[in-house]
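Undergrad: So the chains spell out like this:
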Amino acid sequence: MKVLSDKNQTETGLTKVGFEQLFDAYYDELQHFIYFKSGDTDVAEDIVQDVFLKVWEMRSTVRGETARALLYTIAANLFSNRYKRMKLNLKLQQSIVEDRTFETPEFEMEIKEFDRKLQRVISELNENNRTVFLMNRMDQMTYNEIAASLNISVKAVEKRMKKALEHVRKEIEQKF
Amino acid sequence: MEKGKKGHIDHLDFSKAHFDHLTTDEKIETFVQAYRVPQKRSKVDALELLREKLDKKNTEKPTRNLRIYWSAAASIALIALLTTVYFYTTTPSHIIASRGQHIEYSLPDGSEVTVNAESKLSFSKSAFTEKRTLKLEGEAYFSVRKGNPFVVETKLGRVEVLGTTLNVYARDNELSVSCLTGKVKITANGQTVIIEPGEMAELVAGTLKKATNINPGQMAGWRSGEFHFDNIPLISIFEEIERQFNVKITTKGLENRFYTGGFTNENLTEALEMVCLPMQLDYEIKNGNKIRIEPKTK
Numbered sequence: 001m002k003v004l005s006d007k008n009q010t011e012t013g014l015t016k017v018g019f020e021q022l023f024d025a026y027y028d029e030l031q032h033f034i035y036f037k038s039g040d041t042d043v044a045e046d047i048v049q050d051v052f053l054k055v056w057e058m059r060s061t062v063r064g065e066t067a068r069a070l071l072y073t074i075a076a077n078l079f080s081n082r083y084k085r086m087k088l089n090l091k092l093q094q095s096i097v098e099d100r101t102f103e104t105p106e107f108e109m110e111i112k113e114f115d116r117k118l119q120r121v122i123s124e125l126n127e128n129n130r131t132v133f134l135m136n137r138m139d140q141m142t143y144n145e146i147a148a149s150l151n152i153s154v155k156a157v158e159k160r161m162k163k164a165l166e167h168v169r170k171e172i173e174q175k176f
Numbered sequence: 001m002e003k004g005k006k007g008h009i010d011h012l013d014f015s016k017a018h019f020d021h022l023t024t025d026e027k028i029e030t031f032v033q034a035y036r037v038p039q040k041r042s043k044v045d046a047l048e049l050l051r052e053k054l055d056k057k058n059t060e061k062p063t064r065n066l067r068i069y070w071s072a073a074a075s076i077a078l079i080a081l082l083t084t085v086y087f088y089t090t091t092p093s094h095i096i097a098s099r100g101q102h103i104e105y106s107l108p109d110g111s112e113v114t115v116n117a118e119s120k121l122s123f124s125k126s127a128f129t130e131k132r133t134l135k136l137e138g139e140a141y142f143s144v145r146k147g148n149p150f151v152v153e154t155k156l157g158r159v160e161v162l163g164t165t166l167n168v169y170a171r172d173n174e175l176s177v178s179c180l181t182g183k184v185k186i187t188a189n190g191q192t193v194i195i196e197p198g199e200m201a202e203l204v205a206g207t208l209k210k211a212t213n214i215n216p217g218q219m220a221g222w223r224s225g226e227f228h229f230d231n232i233p234l235i236s237i238f239e240e241i242e243r244q245f246n247v248k249i250t251t252k253g254l255e256n257r258f259y260t261g262g263f264t265n266e267n268l269t270e271a272l273e274m275v276c277l278p279m280q281l282d283y284e285i286k287n288g289n290k291i292r293i294e295p296k297t298k
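Chains as they are written, first to last, in the numbering used here: chain B, 1 to 176; chain D, 1 to 298.
Hints in this document: simulated from the structure, not taken from any laboratory. Careful: at least some of the hints might be erroneous.
What the hints assert, rightly or not - Calculated lysine-lysine pairs in the DSS-like style (CA-CA distance at most 27 angstroms, straight line):
hint	chain 1	residue 1	chain 2	residue 2
1	B	K117	D	K120
2	B	K170	D	K27
3	B	K16	D	K43
4	B	K91	D	K57
5	D	K43	D	K125
6	B	K155	D	K27
Could you build the full structure based on these sequences and the hints that come with them?
TA: Dropping the structure here:
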């Protein structure tokens, strides 16, 4: 995806407009990225703020084609520097259970129980596997996009996906 | 970056018959696709905030020109290094104490805070000297410098400090505030109380109540490793032990039992004995960090 049009990217880097285009294009996925790692909305939103402050400071060197990977690298570094020891507890909003009436209260409980277990199992995944898994399944990023953003190979993305899925499948089957 | 999102989920057949028919993988797929990441501030608000920060920065000092470095080596390694340097030169706006940890911290205005295990304190470092507002999840002890209002916001209510030292406990559905010196104003559920030394405010079933004759030393005893409880559900005591020793405790048959007494956080076995012995409980420690507790069998 091309986010920066040529006129907003000068020889010397980003213009103000180009900077805000970057923000508009990547804010949500970066916020999700750190949320997948931390399970904490405040942390995710603070880090993304700092990521963009950082990028603004170094705007003279930012190039359109590498901007996305740069954003992810800064975000990942800020997170691992600050919050290594955090205990994870995902509280994703489940749109299936919002505004829906179920046939029976029992079935509603079954669905909510499944949701609770799934979130717990995903929370238990290791950070890298979980992040890749949710970027692909929730944010629908392709393996290529994930690989480029995280600066890892497509093979590595495949491997993380496989591990995540195997673990989630196994745990869910066990727990049901 | 909304990519034609998940609208189809809403139209999905969600009958029990259909759900039961799905394979595990299909169930996982359906649920994960329907997840949304919670956001506290919208993207528009986030951009607004970022602009404010940038404006402030620009008026404070000119941006440093990093180009000299970058022409030398624009590598990922340097980016990593820079973000590390950036981290060390800025103050964190979250103080997170994990299990088994107490953190002492000096706030930008000179006030002191001690954050108890598994607790999080957040504040805006840039705005703090003007507006002393913090968010607390968990428990913390504050020694507040005189000055403009000092406010601790918790999920259940707001604590405004009119004096100097206090202890705030805000976990799950419990909020309790005790005052050691000075005066503290608490607002929750539309009710307000002001407490003075030796008094405590507690949110009980949605009602804010004031208790007197509290031993303030006990309320904040956790700072010196001493935990005191006065007729508190046993399960809450074990949750505190989990936080202090970073262990996992499973209990059986302890519902509706209450405990008055305490423990110290120096030694796990000792702490468990202090609670289990008088309460006639058996405990078993597995792998050093998993503990099972149940009533003694005769």
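Undergrad: Now tell me, hint by hint, if it's right for this structure.
TA: Structure-based check of each hint:
Restraint check for K117 of chain B and K120 of chain D: the C-alpha separation of about 25 angstroms stays at or below 27 angstroms, so the hint holds. Proposed proximity of K170 of chain B and K27 of chain D is supported: the alpha carbons are some 13 angstroms apart, at most 27 angstroms. Distance hint between K16 of chain B and K43 of chain D is fulfilled; the C-alpha atoms sit about 17 angstroms from each other, no more than 27 angstroms. Note on K91 of chain B and K57 of chain D: the hinted pairing is violated, with a Cα-Cα distance of about 34 angstroms set against a maximum of 27 angstroms.
Between K43 of chain D and K125 of chain D, the direct Cα distance comes to roughly 21 angstroms. Compliance with the 27 angstroms bound is thereby established for this hinted pair. Simply put, K155 of chain B and K27 of chain D have alpha-carbon atoms about 26 angstroms apart, close enough for the 27 angstroms limit, and the pair holds.
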